[in-house]
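There are 2 protein chains.
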Amino acid sequence: MSAEAADNSAVFYEQLENLEDEFEEVELELLRQQAKLTKDLYAKRAKVIAQIPSFWPLVFEQAPPDIDEYVQPTDSAVLLSSLVDLSVERFELPDGDPRSIAIKFEFSENEYFENKVLEKKFWWRRNKDGWAGLVSEPVKINWKPGKDLTSGLLDLVYQVWEDDKAGKGEDTEAKKKLKEQMESTGLDGVSFFAWFGFRGLSISEEENQAAVKEEQEKRQARKEGKPVDDDEDDDEDDDDEDEYEMEIFPTADDLAVCIAEDLWPGAIKYFLTAQELDGQSDISFESDEEMDEDEAAAQPSKKRKA
Amino acid sequence: MSAEAADNSAVFYEQLENLEDEFEEVELELLRQQAKLTKDLYAKRAKVIAQIPSFWPLVFEQAPPDIDEYVQPTDSAVLLSSLVDLSVERFELPDGDPRSIAIKFEFSENEYFENKVLEKKFWWRRNKDGWAGLVSEPVKINWKPGKDLTSGLLDLVYQVWEDDKAGKGEDTEAKKKLKEQMESTGLDGVSFFAWFGFRGLSISEEENQAAVKEEQEKRQARKEGKPVDDDEDDDEDDDDEDEYEMEIFPTADDLAVCIAEDLWPGAIKYFLTAQELDGQSDISFESDEEMDEDEAAAQPSKKRKA
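Taken in order, these protein sequences are the chains called S and H.
Under full-length UniProt numbering, the letters of the first sequence match residues 1 to 306, in that order.
Under full-length UniProt numbering, the letters of the second sequence match residues 1 to 306, in that order.
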């Protein structure tokens with residue numbers, strides 16, 4: 001490639017980056033608009049749903065493959081027997097990032113855990129290396145004796161997180177145990193409830209704010225055609241000290257987005273599909289009483305309706 | 001279930017349907033907003049892209065699995081060697097349905113077909129049975145001798161379509177041949193270019209307009225709490241005379257949506273990922289000359305970057 005061609009490419013590259021910045025702004029604006037336009041509708045929907053027994057369990061029964069693949073038969077039984085409400089909130093709106101999401105599960109009394117509410121928050125954050133995405137904190141589940149669906153993994157993750165917050169260093173008991181257990185059993189077929197253990201990159205609020213400010217300045221400079229030092233980011237690719245290696249549900253951020261952008265807005269559609277497939281008429285909703293746990297666990301793998 | 005509970009369920013069902021109608025209105029409004037907010041950006045992007053050799057081939061190289069799974073090695077070679085532009089338009093805007101999409105491929109001279117432009121349009125249409133979705137028309141590809149990537153399937157589909165338009169009935173030569181070929185070879189591993197043959201349900205413009213009008217009246221009635229005759233639709237489930245059975249690319253509508261909502265808006269991201277993975281620095285874009293067809297066809301299965 002000639003020097004001239006290379007020069008041109010550098011210019012195109014800057015232009016592409018500028019465009020990506022502008023597209024991202026539009027995307028955020030559309031997310032804000034969406035939140036505004038749907039707010040009352042979701043509130044109305046929640047009121048209707050609250051009167052329909054097994055609405056959310058039936059929605060999960062018809063969940064798309066990207067969600068369903070993580071729901072093990074026992075998880076499915078728990079959700080079917082005791083999930084009473086689900087809600088998704090873009091909790092940093094109106095002023096913060098619309099990509100931050102909180103997902104709240106509400107449960108009735110069940111034989112697996114004491115919690116009535118399990119809420120997991122994902123913050124959209126940026127770090128000093130230029131990475132941006134969702135980070136979270138482990139949520140503790142109070143398992144009933146012998147009923148831990150994650151075989152202790154979630155408790156260990158929570159303990160490690162507490163140890164980290166207390167600055168206990170790398171060699172804690174919980175870390176060793178977690179590592180051992182992850183190495184010996186692997187994560188194949190891990191419970192959906194391990195999702196509550198996800199942390200993602202460790203980014204403090206200060207680091208995020210500094211990184212967002214730096215990024216804004218960089219974008220402004222690029223827009224004005226000033227030279228931008230982008231290489232800094234690339235050179236630090238090997239600097240992954242922030243990377244949290246002991247993730248028991250590494251794709252939890254993707255799953256959260258899928259819940260927020262597919263299951264949550266499409267809930268009525270999934271529910272009606274479940275009704276149809278159960279061969280019931282419009283006017284006979286399946287009630288709690290009609291499905292016990294064994295039945296639920298024995299349900300065949302769920303398919304998204306074409 | 002008691003009679004009272006059943007009555008309540010009927011009420012909830014109406015409410016859910018009302019909500020779905022309202023959510024759909026919001027979705028359409030957001031699609032219109034999106035089109036408005038991104039129009040100039042896409043025009044700007046097209047200008048930058050036009051100066052970058054192999055932009056679209058590299059985007060396809062990094063296409064997400066939902067698209068990539070349909071691109072066979074030979075298709076990939078064709079795209080890599082001769083795809084010069086791609087564009088997506090919501091062509092019924094501003095007045096029509098924002099879900100109708102036109103996808104236009106532009107090619108340089110290549111050894112497979114004569115066409116410089118292949119454009120496929122998908123119309124969002126509703127039929128009298130209450131079905132709504134994307135329908136299309138087959139696009140003819142002028143294959144060079146011995147180079148038909150669909151082994152004659154696309155030509156047959158096109159001929160059947162012409163026969164249908166001419167009212168030639170069910171027993172045409174082309175129909176028999178198409179049926180035979182589909183039965184004998186199946187559609188596993190069919191070329192991406194078979195996508196251009198998709199028809200979907202046969203819905204005339206008159207039927208669509210009548211169905212849209214009927215649906216609007218139904219929605220209005222439901223909103224006002226008047227009785228709505230929804231059963232009519234359900235009873236006609238067996239009336240599938242409109243179903244076109246000889247589809248050589250049955251999921252073409254899903255693929256079109258995936259191109260329009262993922263590949264098209266994410267093109268810069270996919271291009272930059274391709275650049276990175278090719279281990280090239282920011283300023284040395286891969287040019288046409290650097291990749292020949294054999295290399296292209298030999299590329300390993302592409303993964304979406306995490």
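I should point out that these hints are in silico values taken from the structure, not numbers from a laboratory.
There's no promise every hint is true.
Since the list gives no way to pick one copy over another, a pair counts as held whenever it fits inside one copy or between any two copies.
[As the list claims (entries may be wrong)] Computed list of lysine-lysine pairs in BS3-like fashion (alpha-carbon distance at most 27 Å, straight line):
no.	residue 1	residue 2
1	Lys128	Lys140
2	Lys121	Lys223
3	Lys223	Lys39
4	Lys223	Lys36
5	Lys223	Lys269
6	Lys218	Lys269
7	Lys213	Lys140
8	Lys223	Lys144
9	Lys47	Lys116
10	Lys116	Lys128
11	Lys168	Lys223
12	Lys147	Lys39
13	Lys128	Lys269
Given the structure is predicted, the values throughout are model-derived calculations rather than measurements.
Hint-by-hint comparison with the structure:
1. Lys128 x Lys140: Neither: 29 Å inside a copy, 52 Å across copies.
2. Lys121 x Lys223: neither (34 Å within a copy, 36 Å between copies)
3. Lys223 x Lys39: Close across copies (19 Å), not inside one copy (34 Å); limit 27 Å.
4. Lys223 x Lys36: between (30 Å within a copy, 22 Å between copies)
5. Lys223 x Lys269: between (43 Å within a copy, 18 Å between copies)
6. Lys218 x Lys269: Between. Shortest inter-copy distance 18 Å satisfies the 27 Å Cα cut-off; intra-copy 43 Å does not.
7. Lys213 x Lys140: neither (33 Å within a copy, 52 Å between copies)
8. Lys223 x Lys144: neither (57 Å within a copy, 46 Å between copies)
9. Lys47 x Lys116: within (19 Å within a copy, 55 Å between copies)
10. Lys116 x Lys128: For Lys116 and Lys128, the Cα distance exceeds 27 Å both inside one copy (38 Å) and across copies (46 Å).
11. Lys168 x Lys223: neither (45 Å within a copy, 60 Å between copies)
12. Lys147 x Lys39: Result: close neither inside a copy nor across copies, 37 Å intra and 54 Å inter.
13. Lys128 x Lys269: between (41 Å within a copy, 20 Å between copies)
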